[in-house]
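So the protein lines, in turn, are chains A and B.
First residue of the first sequence: 324, per the working numbering; consecutive thereafter.
First residue of the second sequence: 324, per the working numbering; consecutive thereafter.
Honestly, the hints are just simulated from the structure, not real lab data.
Be aware that one or more of the hints could be misleading.
Here are the simulated EDC-like cross-link-like pairs (lysine to aspartate or glutamate), alpha carbons at most 16 Å apart as the crow flies [to be verified]:
| no. | chain 1 | residue 1 | chain 2 | residue 2 |
| --- | --- | --- | --- | --- |
| 1 | A | Lys425 | B | Glu433 |
| 2 | B | Lys345 | A | Glu433 |
| 3 | B | Lys521 | B | Asp473 |
| 4 | B | Lys425 | A | Asp338 |
| 5 | A | Lys345 | B | Asp338 |
To spell it out: a stretch of chain A is covered by chain B in this simulated footprint if at least three of its residues, at any positions, have a beta carbon under 8 Å from a beta carbon of chain B; those stretches are [what the hints assert, rightly or not]:
| no. | region |
| --- | --- |
| 6 | 329-338 |
| 7 | 425-434 |
| 8 | 479-490 |
Computed from a predicted model, the values in this text were never measured in an experiment.
Ideal Cβ placement from N, Cα and C applies to all residues, glycine included.
Number of protein chains: 2
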Amino acid sequence: MQIITSVSDMQAHADALRRAGKRIGFVPTMGFLHAGHLSLMGRARQENDVVVASIFVNPTQFGPKEDLDRYPRDAEGDRQKCESAGVDVLFTPAAAEMYPEKPVVFVAVEGISDILEGAIRPGHFRGVATVVAKLFNIVRPRTAYFGQKDFQQCAVIRLMVAGLNLDVEVVVLPTVREADGLAMSSRNSYLDRSQRQKATCLFRALSAGEELIKSGVREPDKIRQKMRAVLGREKGVEIDYAEIADADRLTPPETLGGRMVLLVAVRIGSTRLIDNLLILC
Amino acid sequence: MQIITSVSDMQAHADALRRAGKRIGFVPTMGFLHAGHLSLMGRARQENDVVVASIFVNPTQFGPKEDLDRYPRDAEGDRQKCESAGVDVLFTPAAAEMYPEKPVVFVAVEGISDILEGAIRPGHFRGVATVVAKLFNIVRPRTAYFGQKDFQQCAVIRLMVAGLNLDVEVVVLPTVREADGLAMSSRNSYLDRSQRQKATCLFRALSAGEELIKSGVREPDKIRQKMRAVLGREKGVEIDYAEIADADRLTPPETLGGRMVLLVAVRIGSTRLIDNLLILC
Chain A
324 MQIITSVSDM QAHADALRRA GKRIGFVPTM GFLHAGHLSL MGRARQENDV VVASIFVNPT
384 QFGPKEDLDR YPRDAEGDRQ KCESAGVDVL FTPAAAEMYP EKPVVFVAVE GISDILEGAI
444 RPGHFRGVAT VVAKLFNIVR PRTAYFGQKD FQQCAVIRLM VAGLNLDVEV VVLPTVREAD
504 GLAMSSRNSY LDRSQRQKAT CLFRALSAGE ELIKSGVREP DKIRQKMRAV LGREKGVEID
564 YAEIADADRL TPPETLGGRM VLLVAVRIGS TRLIDNLLIL C
Chain B
324 MQIITSVSDM QAHADALRRA GKRIGFVPTM GFLHAGHLSL MGRARQENDV VVASIFVNPT
384 QFGPKEDLDR YPRDAEGDRQ KCESAGVDVL FTPAAAEMYP EKPVVFVAVE GISDILEGAI
444 RPGHFRGVAT VVAKLFNIVR PRTAYFGQKD FQQCAVIRLM VAGLNLDVEV VVLPTVREAD
504 GLAMSSRNSY LDRSQRQKAT CLFRALSAGE ELIKSGVREP DKIRQKMRAV LGREKGVEID
564 YAEIADADRL TPPETLGGRM VLLVAVRIGS TRLIDNLLIL C
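Could you put together the complete structure from these sequences and hints?
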């Protein structure tokens, strides 16, 4: 496995690969890799000639009071995991390499960036769309792989790719879960034993919402209330939102139909956790 | 010369050229081509294996009260000029091809987009940066050619390219002028005979400013006043601005030094004209 830290080296390497007709699959991450990331790398390995993974904790997608400074890191563990997952090139630029100057260029995806996660984390999706556009221009993949756990992020990136005519296929793979349903997330490492117990409430709330829909309920408000009730039962869990939305535009539906998504976000202590379930109805 | 109107055809063609190791030079235009455009095509022809020109009057860079609807067009004349200039591929997408949906994705270049032209044309440079990013992703050039007449646009594009890590070299070529100094511009076609006479005031103002600097004057205000005086002498010419700025950041200098640029913008009747001069002092 080759490790590249410079933007121009990565760009030159990607350019040479493309000229040689190689298909590049790309897994952008913020590191502290878990089974969710590894499933993306596994799929990328199956579908491409060359797999590039990146580890970059992107400062511009964190708010001033968020967890940039304490975001978990494990460079050596990540390196080994990438190697075992069959990654060919690990791109790990420093922040000053990605942003040599105070950034003034931003990619904005209007509308979808201001709701749900975007309403709670202003500027977050602008930071995400910008860094993913940069990474796509540096790594030049044919296909990029993302986890469904960050559902809204995936929707933002799909819109960004279409809007900027980036020649990249975006593949979203299912959320990988712990045995008790908790979605894999690097931020789970923040949880103490008791918080870790409570954290199962996200998946339980989503499952309760799904069950209600399967039982024939079609009023969005009833689904929301059900999910909030499950989340609200846990002491020390503060609800940011519990929503049902159109799976493409993430806007709230008047009645249920087609591809819907249940989305929940909570704070447990100082840790924010999100999860979602896709539902066809 | 090949004419391509579809984004996916252009993208596929560019991809094939790059895989074949061909160097693509790109001249993006809004059509109604003049000697300025042709000088860009000539340089692109010298420096590349394949020359792509685009003609696209980009709606998102026009304000609601601007001249989008009456912007001059001459599809057949432009085609012939491109052919004569040695263009290999002419990319002429319809607006619905570039923006199949109401656009929600925008590239913003903060700071520089809000001054001078940007102050008078809010949203203009956001539209420019976005469409140029799109065109670069569609045409995949190694080098793109722009005219210095749109000085601030060139600065915005350079920042956009750096900020998004686009692997494109931006080349800016000198403004081509009529015999009496008027900068070539598609918008000159709006001018009647008397307005066309008056329009030389832009170059006269810039030249007067340059002369003052060459005579040793170093106070920005004196330069501005001189340029405004020349412009103000013409009846029916309204001044939008007459400025001196740092040539890279376009910010006003306290004292003169290094690469400076004189910039003027006026309205003559309903026609807006801009011009500039680079000065080393």
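Discussion item. Check whether the Cα positions of lysine 521 of chain B and aspartate 473 of chain B lie no farther apart than 16 Å.
Written reply: The given pair, whose Cα atoms are some 20 Å apart, is violated under the 16 Å limit.
Worksheet entry | Residues of the region 479-490 of chain A with Cβ under 8 Å from chain B, three needed, outcome | holds (count 8)
Worksheet entry | Pairwise hint evaluation, glutamate 433 of chain A against lysine 345 of chain B, where the allowed Cα distance is 16 Å at most | violated (36 Å)
Discussion item. Three residues or more, CB to CB closer than 8 Å: is that satisfied between the region 425-434 of chain A and chain B?
Written reply: holds (count 9)
Worksheet entry | Given pair status - aspartate 338 of chain A, lysine 425 of chain B, alpha carbons within 16 Å | violated (33 Å)
Discussion item. Need the status of pair lysine 425 of chain A, glutamate 433 of chain B: alpha-carbon distance at most 16 Å?
Written reply: The given pair, whose Cα atoms are some 11 Å apart, holds under the 16 Å limit.
Discussion item. Lysine 345 of chain A and aspartate 338 of chain B were given as a pair; does the straight-line alpha-carbon distance stay at or below 16 Å?
Written reply: holds (13 Å)
Item to complete: Examine the region 329-338 of chain A: at least three residues should have C-beta closer than 8 Å to a C-beta of chain B.
Response: holds (count 3)
Checked against the numbered hints above, the structure breaks hints 2, 3 and 4 and satisfies the rest.
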